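First to last, the protein sequences are chains F and W. Numbering-wise, the first sequence is residues 180 to 458 according to the working numbering. Numbering-wise, the second sequence is residues 72 to 453 according to the working numbering.
It should be emphasised that the hints constitute simulated quantities derived from the structure, not laboratory data. Given the structure is predicted, the values throughout are model-derived calculations rather than measurements. The reader is advised that the hints may include incorrect statements.
Distance windows between CB atoms, simulated [as the list claims (entries may be wrong)]:
| hint | chain 1 | residue 1 | chain 2 | residue 2 | range |
| --- | --- | --- | --- | --- | --- |
| 1 | W | GLU262 | F | ASN289 | 33 to 41 Å |
| 2 | W | THR104 | F | LEU189 | 46 to 54 Å |
| 3 | F | SER413 | W | ILE185 | 45 to 53 Å |
| 4 | W | GLU262 | F | TYR195 | 36 to 44 Å |
Every residue gets a Cβ at the ideal spot worked out from N, C-alpha and C, and that includes glycine.
Each chain, written out:
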Amino acid sequence: MAEQTNLSYLVDKYFYASQMPTMWCPGCGNGVVAMSMCRSIERLGLDMDKMIHVAGIGCAAVAHWYTKFTALQTAHGRALASATGIKFANPELNVVVTMGDGDAAAIGGNHLIHACRRNIDVTAIVYNNFNYGMTGGQVGPTTPLRSFASTAPYGNAERPFDICRLAEAAGATYVARGAVYYVEELISLIERGIRHKGFALIDAVTPCVAVFGRRNKLGTPGQMFKAQRRLTVSMKKAKDMSPEELDGKLIRGVLVEKEVPEFTDEYDKIIAQAQGRDE
Amino acid sequence: MSKARIKLMKGNEACAEGAIAAGVRFFAGYPITPANEIATIMSQRLPQVGGKFIQMEDEIGSLGAAIGAALTGVKAMDATSGPGFSLKLENLGLAAMVEVPLVLINVQRVGPSIGMATSPAQGDVMQARYGSHGDYGIIAVSPSSVQEMFDLTIKAVDLSEKFRVPVILLADQVVGHMRERLVLPSYEEIETAYRTEPSGPPETYLPYGGDERGVPPMAKFGSPYHWYANSSSHGEDSFQATSDYAISEKLIQRLTNKIEKNKKEITEVREEFLDDAEIVIVAYGCTARSARGAVLKAREEGIKVGFFRPIVLWPVPNEEIGQVADTAQAIIVPEMNMGQYVHPVREAACGKAEVVSLSKVGGLAISSNEILEKIREVVKSG
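The shape of chain F in the complex, shown without the other chains (with noise of 0.2 Å):
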């Protein structure tokens, strides 16, 4: 069956018309996130009874108020914790995480960890903004050193994290970075950490227009999009560059990739061997 990429029609399928408007704000790259997440799982023909959307709090935890799936709303962080239980107790379904920086790196950074490290066949969908921007603009784990927050009002003093570099740290086995100016890049990253047999983490950059942007002089919305071709760069162009020109670019792209064994299989070997029963 040929894609359907109707926009209308891809509304009509996975959002709910009588929750918008969104509460995000013009210009907010969220709802791009969002909508490749959609066009992703169209992509895949997922069956729509068995997608579980959980999401934690924040601007980025709210795109499950629009989505049609069968969701949970978890505490600030708690989403992969959640997430972790759902996919073991049912491995039929697929499971995806919608989470933003701080929400993961920050107070949910120990569920995310270990998360990767487990292997639990989940894909998280981090809308990375480098900043806490429904609360106000608060200095997160991601916000750049020296930009400035309501919190960081003489600008950050802390160093951010590579969102990426930490999950592959701790084990992910598919790692993928994505921007909102690349759309169909992104739409491709998500379609593979879902595809993906094991924990699917992409980092999708998304510009926080009202909040950050407006902050640190960033410009319109426009300006802040374009602004993602000179923030990233893709792993193909970033092969041939140097470390000085990297320095403070983002790489796009899939980071990681390989074939681990899955930790809901692996307890499938343990419930036969603890049943007397050979696999």
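Mind docking chain W on chain F? Use the hints.
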């Protein structure tokens, strides 16, 4: 029909076995004394019966995982003690809000903070009821013996499914670690409730529309009933009530009332020697054991003492306590804390009987003699 088996077991072992018997097929936990045996046994027993065990990265994550599992239709459980219980309160409140049935075991130890890991306390009684922020209803049951660690774990599972609510088994280090005779019934004879699932077209499903008791039907995650398990204030259809105060108020009322207004179905108490009792001991958990001993000794001395044990601590059996206060002159509440359950007891007694607290903290159980001494003191002060 298979016969009942008689075993010598630790309370925590009986709890794990009770969970298996009750149909619990998912356990998530984190190491903590004095609850460890429960996770250890579940890690061994669950895969044998096709269930799943996971040790999560922290206490918060383990209750989070249990919540996720319960949403897929599995009976799920978690076990901890004081320091872990404090951490779990975030997700306990979430489970109450989202209305996820599950059982959380708290084998109480001395607090505050790290306190004493291997010594008993009853210091988490108020925390079990009011620990998470905001208002909600919750159920807590209090076992006094190894047999009850088995029986009440089953009851906890049953109540959680009936009322779509997290249920706390508020045990303590004494009942968790002591060994006693346990009669294990045939598991086929054990029946526990299972949440009511929705019927009718999925489009009309109201995940938070309570029935006449205030309990909504619950669809499994992965079924054609798409729904939103929402930790924000929500309407019956589960969508946000961002600034709709009437919807938010209705929700909080229902969450509280589905427990408080259905007390008759939930309450369980043990009453002995109440007919002529002038003084009544109200005790629970491990303290109820020595309290009963004290009552027997006092009776030998000719003092008319009665015994009242709330097996379900929350919701409070205030009607039953009120009846005790109608006839008794004094009620003594011995407990291993600075005086916690004495407050709802005093409220239920409503001034009809004097309510006296006997509190002991630090990790030593209250002896029968200490309670007897208090009884004599109350008699003297007449």
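Problem - Structure-inconsistent hints, enumerated in ascending order - result: none
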